[in-house]
Amino acid sequence: MKSLLKAENLVSYIGPYTILQGVDIEVGHGEAVVILGRNGAGKTTFLRTVMGLVHTRSGVLELDGQNLAGMPTYAIQKLGIGYVPENYGTFDLLTVEENLRLAMWKEDAETMERRDYVLDLFPDLKVAYKRYSKTLSGGQRQMLSIARPLVNNNKILLIDEPSKGLAPVIIERVALALREIKKTTTVLLVEQNFALACAVGERFYIINEGKTVENGAMENLIKDKELQAKHLGI
Amino acid sequence: MGTLITLIVSGLAEGALIFLMASGLSIILGMMGVINFAHGTLFLWGGYAYMFSYYSIRARVILSVFPDAFQTGTQGGILRVTGVQLQAGQYLPFSQELLIFVVSILIAVSVVFIMGIIFEKLFISRVYGNAPAQILITLGLQVVFTDLVRVIWGPNMIPMSRPPFLDGVSSFAGGRIAHYNVFLIIVGATVAIIIHRVITKTRIGMVIRAGLQSPENVQALGINIRKYFTVIFACGAALAGLGGALYMPLVGNVVSSAGMNNQILAFIVVVIGGLGNFMGSFLGSIFLGLMGVGVAVFLPAISVVANVLVMAIVLVFRPDGLFGKAVNKS
Numbered sequence: 001m002k003s004l005l006k007a008e009n010l011v012s013y014i015g016p017y018t019i020l021q022g023v024d025i026e027v028g029h030g031e032a033v034v035i036l037g038r039n040g041a042g043k044t045t046f047l048r049t050v051m052g053l054v055h056t057r058s059g060v061l062e063l064d065g066q067n068l069a070g071m072p073t074y075a076i077q078k079l080g081i082g083y084v085p086e087n088y089g090t091f092d093l094l095t096v097e098e099n100l101r102l103a104m105w106k107e108d109a110e111t112m113e114r115r116d117y118v119l120d121l122f123p124d125l126k127v128a129y130k131r132y133s134k135t136l137s138g139g140q141r142q143m144l145s146i147a148r149p150l151v152n153n154n155k156i157l158l159i160d161e162p163s164k165g166l167a168p169v170i171i172e173r174v175a176l177a178l179r180e181i182k183k184t185t186t187v188l189l190v191e192q193n194f195a196l197a198c199a200v201g202e203r204f205y206i207i208n209e210g211k212t213v214e215n216g217a218m219e220n221l222i223k224d225k226e227l228q229a230k231h232l233g234i
Numbered sequence: 001m002g003t004l005i006t007l008i009v010s011g012l013a014e015g016a017l018i019f020l021m022a023s024g025l026s027i028i029l030g031m032m033g034v035i036n037f038a039h040g041t042l043f044l045w046g047g048y049a050y051m052f053s054y055y056s057i058r059a060r061v062i063l064s065v066f067p068d069a070f071q072t073g074t075q076g077g078i079l080r081v082t083g084v085q086l087q088a089g090q091y092l093p094f095s096q097e098l099l100i101f102v103v104s105i106l107i108a109v110s111v112v113f114i115m116g117i118i119f120e121k122l123f124i125s126r127v128y129g130n131a132p133a134q135i136l137i138t139l140g141l142q143v144v145f146t147d148l149v150r151v152i153w154g155p156n157m158i159p160m161s162r163p164p165f166l167d168g169v170s171s172f173a174g175g176r177i178a179h180y181n182v183f184l185i186i187v188g189a190t191v192a193i194i195i196h197r198v199i200t201k202t203r204i205g206m207v208i209r210a211g212l213q214s215p216e217n218v219q220a221l222g223i224n225i226r227k228y229f230t231v232i233f234a235c236g237a238a239l240a241g242l243g244g245a246l247y248m249p250l251v252g253n254v255v256s257s258a259g260m261n262n263q264i265l266a267f268i269v270v271v272i273g274g275l276g277n278f279m280g281s282f283l284g285s286i287f288l289g290l291m292g293v294g295v296a297v298f299l300p301a302i303s304v305v306a307n308v309l310v311m312a313i314v315l316v317f318r319p320d321g322l323f324g325k326a327v328n329k330s
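Top line first, the protein sequences correspond to chains R and F.
For what it's worth, our numbering labels the leading residue of the first sequence as 1, then goes sequentially.
For what it's worth, our numbering labels the leading residue of the second sequence as 1, then goes sequentially.
Hints in this document: simulated from the structure, not taken from any laboratory.
Hints may contain errors.
Stated by the list, open to error - Within a straight-line C-alpha distance of at most 30 Å, the following computed DSBU-like cross-link-like pairs (lysine-lysine) qualify:
| id | chain 1 | residue 1 | chain 2 | residue 2 |
| --- | --- | --- | --- | --- |
| 1 | F | K201 | R | K164 |
| 2 | R | K130 | F | K227 |
| 3 | F | K121 | R | K106 |
| 4 | R | K225 | R | K6 |
| 5 | F | K121 | R | K182 |
| 6 | R | K126 | F | K201 |
| 7 | R | K164 | R | K126 |
| 8 | R | K2 | R | K182 |
| 9 | R | K130 | F | K201 |
| 10 | R | K130 | R | K6 |
| 11 | R | K223 | R | K78 |
| 12 | R | K78 | R | K155 |
| 13 | F | K227 | R | K211 |
| 14 | F | K201 | F | K227 |
| 15 | F | K121 | R | K183 |
| 16 | R | K134 | F | K121 |
| 17 | R | K155 | F | K325 |
| 18 | F | K329 | R | K130 |
| 19 | R | K164 | F | K227 |
| 20 | R | K126 | R | K155 |
| 21 | R | K225 | F | K121 |
| 22 | F | K329 | R | K78 |
| 23 | F | K329 | R | K126 |
| 24 | R | K230 | F | K329 |
| 25 | R | K126 | F | K121 |
| 26 | F | K121 | R | K155 |
| 27 | R | K130 | F | K121 |
| 28 | R | K78 | F | K201 |
As the list claims (entries may be wrong) - Simulated restraints, written as ranges between beta carbons of each label pair:
| id | chain 1 | residue 1 | chain 2 | residue 2 | range |
| --- | --- | --- | --- | --- | --- |
| 29 | F | P93 | R | M112 | 23 to 29 Å |
| 30 | F | I135 | R | Q21 | 34 to 40 Å |
| 31 | F | P93 | R | E110 | 55 to 61 Å |
| 32 | R | D24 | F | I114 | 47 to 53 Å |
| 33 | R | T135 | F | G83 | 57 to 63 Å |
| 34 | R | M112 | F | I118 | 37 to 43 Å |
| 35 | F | I135 | R | P123 | 47 to 53 Å |
| 36 | R | W105 | F | F123 | 31 to 37 Å |
A virtual CB, placed ideally from N, CA and C, is assigned to each residue, including glycine.
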């Protein structure tokens, strides 16, 4: 299988600190891959490195064979990488509509169709369409955060801990939406909530202390209690 | 009552001028995180560019219409300003006076807009996220470009008259209202409405509002925010330049210390109005303008410290400003 996103022995840094110290991750077209690991393992930093928000020091980082290292964030996004940041990243002073419009590459008929699809996927957003996002609940903000990149025709969607801070009933709704999304889009999900990871992921990677330490099929991880205990503390 | 009306109109006019400076400063600080101590020099350059354009164009127009008009000598440094005075019975029609005034304002605003682009591209863009470097580099620009004004136009105060069609005074309810003050209030209100429309109705406005919270997340939506930074910095500079151009005829002279004095007022407005808060800048400017005029008349002994005192009180009791920060950074 030809990989869509490929990181090989990736090393990245923030100021004087080397955070990723050799990450190997490959995501194929149409896959749903989950990155797991304990707090501070480097999962979020990996997504931020892909987006160019954290600097790459060495290693390979490619999308569809194109080198991403050193590219500015806005240009990386334009290559077709949708990004759902940790803690929503929605804009308080913008309405739901404006949050979606700001994300659009262009406002043509195709984009509007995708927007309508997104609003059908998250009916809460349709109801709150004209409301400022600061007035939304945590769950609604997360939905908006996931919805935003979907208005474009992305090659891959990077999602950073969508379950963080949400009630279990909302997490279930997010899981349903992600299962729907992965039918049409390649997904790379960073998640601490093991149930959500299992519901979405087909393959997994575990990162520990900035390095990839395990990977395989999700069903194998679900069965392997020892591995779960060792790296995920479950 | 008459005195009160006169003071209110004067205060609102002062407030309108402060607003022109503070609104740009607030957005530059709130969105780009740039502590711009060069804002005062942009204001100053607006004033000098206006003065030079106005005198130069008007002298040429007068001499072309009235070759026998009085040459009243020259003053200034390298770029000397020629004074030309109309003889009794001679006058330029309103349309020409208006055109000279408008063109001079446009030249001043354009000069400072271009300076804003150059400042941002050459200096500011290198120090994003580095507050000490920003303070040093913008203070350096303030010093260098203020001294440059002294080199080009000389260190002495140059008289600056108001355009004849705005030079009058009218009586209203016992108060004496300068036409130029009314003009400043109209300009301030118009600019406020335009800025408000841009911020709430356009894509650049969406980027500004989003960027106030998180420039990083704006970039992650595929938007080159650095490009917007340049435009926003230049527009903030142009507003300061407009303020400078309109300020000099108000006080009747151009002098190189005007930049720093007005910059301090703008920073006080940003503090009391709330970072990046447009409405805060607007109301804060009006408050400071009215207070400044009131204190100057009733308590002149504390006129220098009054503004700083207000800022200190606000900082103690409401550190985010009277109207709060526009949004919390994330």
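We went through each hint and held it up to the structure:
Taking the CA atoms of K201/F and K164/R, the gap is about 33 Å. The hint is violated against a cut of 30 Å. Between K130/R and K227/F the alpha-carbon distance is near 28 Å, which keeps this suggested pair within the 30 Å criterion. Restraint check for K121/F and K106/R: satisfied, since their Cα atoms lie roughly 28 Å apart, inside the 30 Å limit. The hinted pair formed by K225/R and K6/R meets the criterion: a straight-line CA distance of about 28 Å does not exceed 30 Å.
For a cut-off of 30 Å, the pair hint linking K121/F to K182/R is broken: about 42 Å separates their Cα positions. Simply put, K126/R and K201/F have alpha-carbon atoms about 21 Å apart, close enough for the 30 Å limit, and the pair holds. Using a Cα cut-off of 30 Å, the hinted pair K164/R and K126/R holds, with the two alpha carbons roughly 23 Å apart. For a cut-off of 30 Å, the pair hint linking K2/R to K182/R stands: about 18 Å separates their Cα positions.
For the hint linking K130/R to K201/F, the alpha-carbon distance of about 14 Å falls within 30 Å, and the restraint holds. Restraint check: the Cα-Cα separation between K130/R and K6/R comes to about 39 Å, which exceeds 30 Å; the hinted pair is violated. With a C-alpha separation of about 39 Å, the suggested pair K223/R and K78/R falls outside the 30 Å cut-off, and the hint is violated. A distance of roughly 10 Å separates the Cα atoms of K78/R and K155/R; the hinted pair therefore holds under the 30 Å criterion.
Simply put, K227/F and K211/R have alpha-carbon atoms about 36 Å apart, too far for the 30 Å limit, and the pair is violated. At roughly 19 Å between alpha-carbon atoms, K201/F and K227/F fall within 30 Å of each other, so this suggested pair holds. As the CA atoms of K121/F and K183/R are separated by approximately 45 Å, the hinted pair breaks the 30 Å bound. Taking the CA atoms of K134/R and K121/F, the gap is about 34 Å. The hint is violated against a cut of 30 Å.
Only pairs whose Cα atoms come within 30 Å are accepted, and K155/R paired with K325/F is rejected, the gap being roughly 37 Å. Distance hint between K329/F and K130/R is fulfilled; the C-alpha atoms sit about 23 Å from each other, no more than 30 Å. About 33 Å separates the Cα atoms of K164/R and K227/F, which puts this hinted pair outside 30 Å; it is violated. Note on K126/R and K155/R: the hinted pairing holds, with a Cα-Cα distance of about 25 Å set against a maximum of 30 Å.
Among the hinted pairs, K225/R with K121/F is inconsistent with the structure: their alpha-carbon atoms are about 56 Å apart, more than 30 Å. Of the supplied pair hints, the one linking K329/F and K78/R holds, its CA atoms being roughly 25 Å apart against a limit of 30 Å. Simply put, K329/F and K126/R have alpha-carbon atoms about 27 Å apart, close enough for the 30 Å limit, and the pair holds. Restraint check for K230/R and K329/F: the C-alpha separation of about 37 Å exceeds 30 Å, so the hint is violated.
The suggested pairing of K126/R with K121/F is violated, with an alpha-carbon distance near 41 Å, which exceeds 30 Å. Proximity of K121/F to K155/R is assessed by CA-CA distance (about 34 Å); at most 30 Å being required, the pair is judged violated. For the proposed pair K130/R and K121/F, the alpha carbon gap of about 37 Å is over 30 Å, so the pair is violated. Distance restraint check for K78/R and K201/F: the Cα-Cα separation of roughly 25 Å lies within the 30 Å cut-off, and the hinted pair is therefore satisfied.
A hinted range of 23 to 29 Å for the beta carbons of P93/F and M112/R is inconsistent with their spacing of about 54 Å. At roughly 36 Å, the beta-carbon separation of I135/F and Q21/R lies within the given 34 to 40 Å, and the hint holds. Evaluation of the 55 to 61 Å hint for P93/F and E110/R yields a pass: the beta carbon distance comes to about 57 Å. A beta carbon spacing of about 50 Å between D24/R and I114/F agrees with the range 47 to 53 Å that was offered as a hint.
The beta-carbon spacing between T135/R and G83/F, approximately 60 Å, falls within the hinted interval of 57 to 63 Å. A hinted range of 37 to 43 Å for the beta carbons of M112/R and I118/F is consistent with their spacing of about 40 Å. As the Cβ distance of I135/F to P123/R is approximately 49 Å, the hint placing it in 47 to 53 Å holds. The beta-carbon spacing between W105/R and F123/F, approximately 32 Å, falls within the hinted interval of 31 to 37 Å.
In terms of the numbered hints stated before, the structure departs from hints 1, 5, 10, 11, 13, 15, 16, 17, 19, 21, 24, 25, 26, 27 and 29, listed from lowest to highest.
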